[in-house]
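Enquirer: Position chain L relative to chain Z; hints supplied.
Number of protein chains: 2
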Amino acid sequence: MTHSSEAGSDGASTRITVSVDAMGGDAGPAEVVAGCLASIRRNPELAIILHGDEAVVGPLVGPHRELQGRVRVAHAEGVVTMDEKPSHVVRGNGKTTSMWSCIESVRSGDAAAAVSCGNTGALMLMSMLRLRKLPGVDRPAIACMWPKRGTHDFNIMLDVGADVRAEPDNLVQYALLGAAYYRNAFQVTRPRVGLLNVGTEDHKGRPEIREAHELLGTMAEIGRYDYVGFVEGGDIPSADVDVIVTDGFTGNVALKTAEGTARLIRDLLREELTASWLSKLAALPSLGAFRRLQKRIDPRRVNGGVFLGLNGTVVKSHGASDATGISAAIKLAFRLAQSRFQDRMSDRLAQVADAVQQDRAARHEAAQGASTKGEA
Amino acid sequence: MTHSSEAGSDGASTRITVSVDAMGGDAGPAEVVAGCLASIRRNPELAIILHGDEAVVGPLVGPHRELQGRVRVAHAEGVVTMDEKPSHVVRGNGKTTSMWSCIESVRSGDAAAAVSCGNTGALMLMSMLRLRKLPGVDRPAIACMWPKRGTHDFNIMLDVGADVRAEPDNLVQYALLGAAYYRNAFQVTRPRVGLLNVGTEDHKGRPEIREAHELLGTMAEIGRYDYVGFVEGGDIPSADVDVIVTDGFTGNVALKTAEGTARLIRDLLREELTASWLSKLAALPSLGAFRRLQKRIDPRRVNGGVFLGLNGTVVKSHGASDATGISAAIKLAFRLAQSRFQDRMSDRLAQVADAVQQDRAARHEAAQGASTKGEA
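For the record, the sequence lines run as chains Z and L.
When you line the first sequence up against my numbering, it's residues 40 to 415, in that order.
When you line the second sequence up against my numbering, it's residues 40 to 415, in that order.
A portion of the hints provided could be inaccurate.
Since the list gives no way to pick one copy over another, a pair counts as held whenever it fits inside one copy or between any two copies.
Pairs of lysine-lysine, DSS-like flavour, derived with a Cα cap of 30 Å [said to hold, decoys possible]: (1) K124 <-> K134; (2) K187 <-> K334; (3) K124 <-> K172; (4) K172 <-> K319; (5) K334 <-> K319; (6) K124 <-> K334; (7) K172 <-> K334; (8) K134 <-> K334; (9) K124 <-> K319; (10) K187 <-> K134; (11) K134 <-> K319.
Since the hints were derived computationally from the structure, they do not count as laboratory data.
One chain only, chain Z, in its complex shape:
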């Protein structure tokens, strides 16, 4: 990971550059530029490379003098649409797209991290193609944040959609990636890892989950995490766990179910509070409390799925992100680049991958020994 510096502007001697895909989100490039503007105003150490059609993005950036010398537009004609199949994109006009260009900036070292609110599958595929997986990682994962009960902190959950399947080995890798991310993002020495299941008893769940359960216990020391065992859907915001590990299918459904439930409750609350002029009047004094609640459960505040397991940091912003959401994703990318967690993570990963292999070989040998004995 490279910290790009742009000397001589505004007295900020060392800036961190974040690469931002201006196209592809549902809200359009104007919203992305508004998000960049908000971030640039708030953070003097931030610089941005903005990827997209010059003819579209240029006129959006131009009028803002604050962006001069801080935001550079990198021209890329193509746009990845939301519904396109990732393999089609890559085989087709992939290399001409703003998304490709956005990742390319990280690969070349011009930027320290990338942000896009485009097609998740295409972003992951391009990231894998261009940035490559870290040694010891079979499958990268997407990690999301989750409000933690009783605090203003967060839990993280992964995978929430990089891959629809996960073998026990992959789940262990997710634990390592997640623990490394949590350690660096939240300054917690030994994150507590839990494995998502349909119950907390040992006999519950699918066979591959029970195998991962054993492996996760064995690997805790070397992976520098505490393994708290199985957790259920209701425990994702628990204060007793930091990192929740699951396959990308289950994780994606859980994430979207929680967002959907939060939206439903917000709308029901609004409905009840505005059902009549009397209830509207009654709600007025509590508006401040509602706003604070809204802020605490606002999905935009925890916006940004982080791709873990690659040679480079990529943050996937929500497809429907507005300026607030995009600004939150840029902030996250900046913070991760600043913590250099990428560098620290890679060494340990390879080491743990070896340990898992050895553990497996030892088990296999033990099983062989037992069966030979049985035959004798």
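Expert: Quick look at chain L alone, frame taken from chain Z:
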């Protein structure tokens, strides 16, 4: 399904008897008896057989004169504990338990439906052993209710935990079972069925989900449902779908995640509204609105996972159910027994199972033909 009648009491000439397991829930038999009392008071057509240790349950029922002639205690010494492995229960003291006895009453025709808040796995295994699966059903499923956006109605989702795996055939069966349940519980002629996935595009998801997607479209006419295609976690409370089909692992995680999110938001709201004496004061005028919201999202109101695909109706009440929750589960069991949906469901199921087989054979033949052609 039998409608038990008890002549000569209180002028209710035809009562429907529900079999209730008094033991095994987290809250204990006193809470179950309180739930029965609430149901009996509200519904003059209801009779109950209460299964449990006479020495424990008898003294709880005795003092309530209203229960005389309406609630009969059936003695069963054994109790299934929450953490016990289902197969252990059945191999061990299974037949002496209140849960077994509770299901036995449905099998014998003494009761029209069963309610238990005990160990889900054990309840399902005993139900399968004693009531047997309906013809055409490989795997029974558990269906739960979900608030429907913009209305006071409900969606249902299944499976939420009967089995951790589901093949495409099973998912189609879940659609049929769910549609039949929805039709009868909510008087909707052609329920709309959606398949839970990580995206709505055709290429998304696991291979078995995509296969089920095709089958569900083909079987819609004969199954008398409208297939709306893939839905995501955020769509579970959608007004555009009635029945959400998924495997029991994903469904269980989604259900518990939603419950956990609702609890989290409730607690955060409470925290914000009681943060200071000023915010407490400000919240007072809106207490009515909060209570109405609380009621609409109260998991106890939608309490009761229904076991579908068996020769008999079994309702699984939440393990931590209090009197309100148990009363809701009894009400659901009563309503299902009254609608005789069980009888109407079974005919059609066998018919559809045949159609799925034929469809599969036809595809297989077509594929064979194509490959032979290719070789020629």
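Enquirer: So, for every hint listed, does it hold in this structure?
Expert: Right, here's what the structure says about each hint:
no.: 1; hint: K124 <-> K134; verdict: within (15 Å within a copy, 55 Å between copies)
no.: 2; hint: K187 <-> K334; verdict: both (14 Å within a copy, 25 Å between copies)
no.: 3; hint: K124 <-> K172; verdict: within (21 Å within a copy, 41 Å between copies)
no.: 4; hint: K172 <-> K319; verdict: neither (54 Å within a copy, 52 Å between copies)
no.: 5; hint: K334 <-> K319; verdict: both (20 Å within a copy, 19 Å between copies)
no.: 6; hint: K124 <-> K334; verdict: neither (34 Å within a copy, 43 Å between copies)
no.: 7; hint: K172 <-> K334; verdict: neither (35 Å within a copy, 49 Å between copies)
no.: 8; hint: K134 <-> K334; verdict: neither (38 Å within a copy, 53 Å between copies)
no.: 9; hint: K124 <-> K319; verdict: neither (46 Å within a copy, 52 Å between copies)
no.: 10; hint: K187 <-> K134; verdict: neither (40 Å within a copy, 44 Å between copies)
no.: 11; hint: K134 <-> K319; verdict: neither (53 Å within a copy, 57 Å between copies)
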